[in-house]
Each structure stands twice: as structure tokens, then as C-alpha cells.
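K.L.:
Take a look at the letters that make up each chain.
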Amino acid sequence: MDWGSILSNTAAYLISPETIAYALAALGLAVHFGYTGLLNFGQAGFMAIGAYGYAISILSFDLPWWVGIIIGMAASVVFAFILGIPTLRLRADYLAIVTIASAEIVRLLFTTQAFDEYTNSADGLGNYHAGFRAANPFTFEGNVGFGPWVYNANGWWVRVFGIALVIVAALIVWLLMRSPWGRVIKGVREDEDAVRALGKNVFAYKMQALVIGGIFGALGGVVLALPSAVVPSVYVTSLTFYLYTILLLGGAATVFGPIAGAIIYWVIMAFLSNVLPALVQVGALPFMDTTQSQVLRFILVGVALMLIVIFRPQGIFGNKKELTFVK
Amino acid sequence: MSAAHADEINVEGNDYYFAGNVKYNSEPLEGVLIKVSGGGYNAEVKTGDDGKWKIGVPSKDTYDVTLDESTLPKGVIVVEGEATREAEFGLTNSAAVNFFLGEGVRVTVSFWDQLVERLFNGLNFGLMLALAAIGASLVFGTTGLSNFAHAEMVTFGAIMAFVFSVNLAWPLYLAIPVAVILSAVLGLFLDAGLWRPLRKRGTGIVQLMIVSIGLSLALRYVFQYFIGGGTYQLPGSSSDSLTLFGSVKLTATDIVSMVVSVIVLLAVAWWLLRTRIGKATRAISDNSSLASASGIDVDRVVRIVWILGAALAGLSGILWAYFRPGIKWDMGASILLLIFAAITLGGLGTAFGALVGSLIVGILVEVSTLWIPSDLKYVGALVVLVLVLLVRPQGILGRRERIG
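In the order they appear, the protein sequences are chains A and B. Be aware that the first sequence starts at 16, since it is given in my numbering, and climbs by one per residue. Be aware that the second sequence starts at 133, since it is given in my numbering, and climbs by one per residue.
Bound conformation, chain A alone:
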């Protein structure tokens, strides 16, 4: 077994675009679920809207890349209003069912043959990179870096841009949550009726939280789309569930929890995807083949999600007093 390459492949996921994208989307989910108590099961839909908004703006309408990102964000705001207006006045599980259904509607609309001209249906979109790469401030030739982190100029640009987005997003969440607005939001989570009795418009606060978290979700989708392609089969319901695993692993009502959760999640997944086939090949796991060893990772994700929620619902960094599961 080649431990060098296994560890190097694993370490690469510390700053991979997938990790960054999941961290952004999970941060949005922290605003929804962790701080406001909104059961949004449609974060995959917000990500899909961000990714497709970005790619379609560039491919079909010849817009600059940064306008594409803004359009992705604007589309997610519209989506948040469509989700929020019918459901935010109702009990929490209604929001859950409507968000999960709407995310699936969004995915099916992007996958169907009917809009093939814009979405390229099940094959997804690609080749929209020119504008983003032209804006690259790094001009070096070839691969640069150290240890497992060696990338070309485009690779570094995607990562630096993504990490900058994560830092800005985390800063915004941190500032918001220590502001008066954040205190009302947490009050909505703890006791909606008490906040309403204080004269606050709970519906408006919930809607604002849904919009902000949704924008982070859309940015996650954009970062996922930046290096490679938009693949519709990524944005399934399971993606939202993986984000919940990440969020609850790190701590739902924290700023650094979702980011740390995304890093831990992807590093463990990458480690297992490298080490399990290697173990199979040297005969250490005689009861499975390499395909099964890849499936095993997702069984472990499910089991991990159950164990976290049962035994440490506040996550690694969370505070037991700030438990989201109050009801």
C-alpha cells in the first residue's frame, strides 16, 4: 500500500473546491437551521440554482462571469421567497416538506428534455470557464505549490476565490449573529411566540434568514461549478442530507462548525475512498470488492449522522445550551 499517495490525496481535500462549496452551503444551512430553527431540506435546490444561474448566464446570454454569480444569487433570493411565503407561517415540518419538494422540482426542471436548449438536460453544462479564468490575477506558468497542494494558476484562482468567499460569508454570519438582528433570530428559534409578543414580525425575520442562507447555498453551487461542470445528478436530495451531516458534525449554531464540518467530512471521505480500495487490493478486506468499498463510505455517512444526532446533537464546536432541537 502506498501510504504516501493515500495521505497526499487525502490532504488535497483540505482546500478542494468541493470542500469550499460544501462549507459555504453548510454555512447557509447554519443560518437557516442552526440559528433560526428553519428546517430547510432544500439546500441542494439553492445550490443548483446558483450553479445553473451562473452557467446559463454565461453560456446562453454571454454575460460576464461576475454578473453570472450575481444572477445565481438573485435567482436564489426569488426561490427563497417562493418557498417562504406559503410555509413560514406554518409549523416547522411543513417547511421541511415544501423545501424538499421544491428542491426536487428545481432539479427535475433542470434535468428535463423540455429546456434542453438552456440546460443541456441530463448531460449538464460545461465550457463556461473563459471569463473567470481571464480574470485570474495569478500569472505563473505550470504547477506551483508545496506538498500535496500543487496546482496550476487556474486551480489556485478557484481555491483562493472560494476561500475568500468562505471568509467573507463566515464574517457576515458572525457579525449578524452578534447584532440585535441575530438576537431576534435566535429568539425565533427558541420561542417564536415570545418574540411575537415583543412586537417583532417573526415572519419577516424568518424570511430574511431564509434569503441570507439561500444566497450562501447559491454561492456554494457557484464554487462547485467554477472548476469543472454543472452536473444535474449532483443536486439530489442526498446532497442536502450530506450538508446536514456536515452541519451537525461541526455544530449547527456556530460559525466555524460548518466550515470545520465540511473539512472533516471531505478529508474522511477522501481518506476512505483511497484507503479502502487499497486495503481490498492487498486482501485486508476479503469480504468486499473495490466498488463495495466505495459504497461502504456512504453507509458510514448515514450511521455517522444518526450517531451525531443521538449522542452529540450540539456537534463538535456547539454549546449544549444553544441546542437547535428545542421542540
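Because the hints were derived from the structure by calculation, they are not lab data. Treat the hints loosely; a few may be bogus.
Said to hold, decoys possible - With a straight-line cut-off of 25 angstroms between C-alpha atoms, the simulated DSS-like cross-links for lysine-lysine are:
| no. | chain 1 | residue 1 | chain 2 | residue 2 |
| --- | --- | --- | --- | --- |
| 1 | A | Lys335 | B | Lys332 |
| 2 | B | Lys155 | B | Lys186 |
| 3 | B | Lys155 | B | Lys184 |
| 4 | A | Lys336 | B | Lys332 |
Following the hints, complete the assembly by docking chain B onto the known chain A.
P.N.:
Chain B only, in chain A's frame:
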């Protein structure tokens, strides 16, 4: 005579091609239009005077090959299979696609016949959905849990039916009951091993919901671990279709499936309305603490509900395997949202609401394909779900007080 020259298109420059020979009574037919489409690629060609055709395609994938029946001589149609068929490559770079022609009248199905056929399909689908939805609804009513792992109990029933009927080659009349019983055992096992201890700990309902999501992911991938990513057929899944009236075609499996669903649903309704345990179940759904205070053993009833719900889900999974058709590791997950939509439409936690909601969703999904593309058919049902919640959040049979 010059070499038999098939009429070709896009064969140069593409690595793969489909070819065929259109003949009727051993006579080649000229000028028959053949179309190939798939993966965003389209091409068409007319057969040459020798009846042959050849169409190049860019990749080694599955394509739809269509024979345009309107270009056939009068009185000749495709007699075996459809005029459009899926074609794929074997080990070589070419594949033969031949249509079997015969005498007949081309059936143009009228709108009403199509509507009636879709209604029947939708009814079948809805009844099957109802079996799964009633179980999930009873569990929600008695424990407050929106159980995402219900989808995996659906898949479990189908996989068990496959294991016993195909792997162990038991006859279906034994394999299916055994699969349903094993599903019930799974329900008992999950309640005793997971949900009851969590209830005893006083775990909140949102927490339970997320545990069920974790369980759903874990079970789904356990299924994939053992059966892989392929689709498998249960015995008897390709039975002949019978023409009922007009052009309404149903297979024997469809009819058996509908009859079984109706009988089981009637039995469940009788159980809920007439037996002590059934009445206790409804009492707990109504008000758990009041039921407990009036001497109902809530834990026992919840255990029975889990067993019953899992058995119904397993049965519905077997019927779903015939309806799709085929068994796949994520087959339950693909209808989970429709089950939730049915429960919410009917009114959360009411068993009869789940039945009504399922029938509406089932019929809606099938009938809506008359107007919208079939790859969007689930969208119609989900949009209706969102719209109904706008005007009547408590669902069709729900009561206003439930929405909180």
C-alpha cells in the same frame, strides 16, 4: 449488380453505428424513415432500394431508434414491440436494429382512450402508494415522526421478494408473503432497537426526523452494497397485456396488484374502525397523553403500528417493483417524496387522508403526462402539493387545529 448499398448517414467520422434491414414478406421496403436520437444527438435516414439503412452515432450509449410508421405502405405496421425501441451496443462498434413488420391497422389512440388508460395506471399507482403512505401516516400520527427511512422499508420488501423468488427459486405465492413478514420483522426490529429507546430518552421530533434521514442513507447504501447498482426483475413482470375495452390495456400483474391493494386497504380500514387496537391507534393519533391516561398501552400500540406500517411498506415495494418495473437499491427513495406529498395532501396523521392523498397523487402523476413531458411527471404532483398547502395547509381531511 453494384454492392448492396445501404443508405447511410453520419457513418464516416463516427466510431459507432446502427444498421438494419426493413423487409415485409421478404420484400425490401424503400423510403422508410428511420430516426435515431439520444444524448442530444439526432439523425434520420430513409432506407435504400434494398431496404437497408445505417446511421452513425458519436458514442457507445443507448439510443432510441424509431421507425416512422407513416412511411410504411398502407396496411403494414410494426407488429412486434413498439415502433420506437431502445438500442444499445454490445462488444462491437455496430449494432443491428430490425423491426418486425406485419399486416395491421395502425392504432391511433384517441384522447379519451389515453385518458382512461392513464386513469387506470394512476389508480394502480395510487393504490400502491397508499399502502406505503398509510403506514408512514400511522407512524407519524402515533409518534410524531416523519420517517424518511420509510422509503427503505419499501425497497426492503421488494429485495426480499427478489431474494426468495429468484435467488432461492421459491414460488411467488410463498416468496411474497415471506417478504411481507420479513418487512414486518424489520419494522418490529427498528422500533425495538432504535425508535423505542429514543422515545424513552425523550428525543425531540426534529432530532428523530434527522436520525431517520441517517438511517435512510445507511440502509439505502447497505442495499446498494449487496445488490449493486443494477435493476433486477421479479418473475412474471413481463406478463401479456389484456385489452379491456377501447384501447385500455392492462397486464395480469396490474389487475392482481390492484385487487391485492384494494383488499389490503379495506382490511386496514376495518382494522382501524372496528378493532380495539385500531381504535386505540386513532385515539393516540388524536391525543397521545389522553389516550395514555385512559389506560391505552401506548408503547404496545406504537409497536403494532410499526409492524403493520413496515409490512404494508414491504408489500407496496413488491407492487412498486412490478409497476416500475424492476428492483433497484434506491427505488423506494424515488417515491418517498410522493408518499410525503400524499400524506400532507390528505392531512398529516390521518390514515384515510393518506389514502385519498395517494389516489390523487397517483392519478395526477399518470394523467399529467397527457400534457407535460413524462420526465416532468413528478413535478406536477409536487407543484400541486405546494399549491394545496397555500390554500388549505391542514390538507384535505385534516383539521385546522393540527397546523399549529
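K.L.:
Indicate, hint by hint, whether the structure satisfies it.
P.N.:
Comparing the hints with the structure gives:
| no. | hint | in the structure |
| --- | --- | --- |
| 1 | Lys335(A) / Lys332(B) | 20 angstroms, holds |
| 2 | Lys155(B) / Lys186(B) | 15 angstroms, holds |
| 3 | Lys155(B) / Lys184(B) | 9 angstroms, holds |
| 4 | Lys336(A) / Lys332(B) | 21 angstroms, holds |
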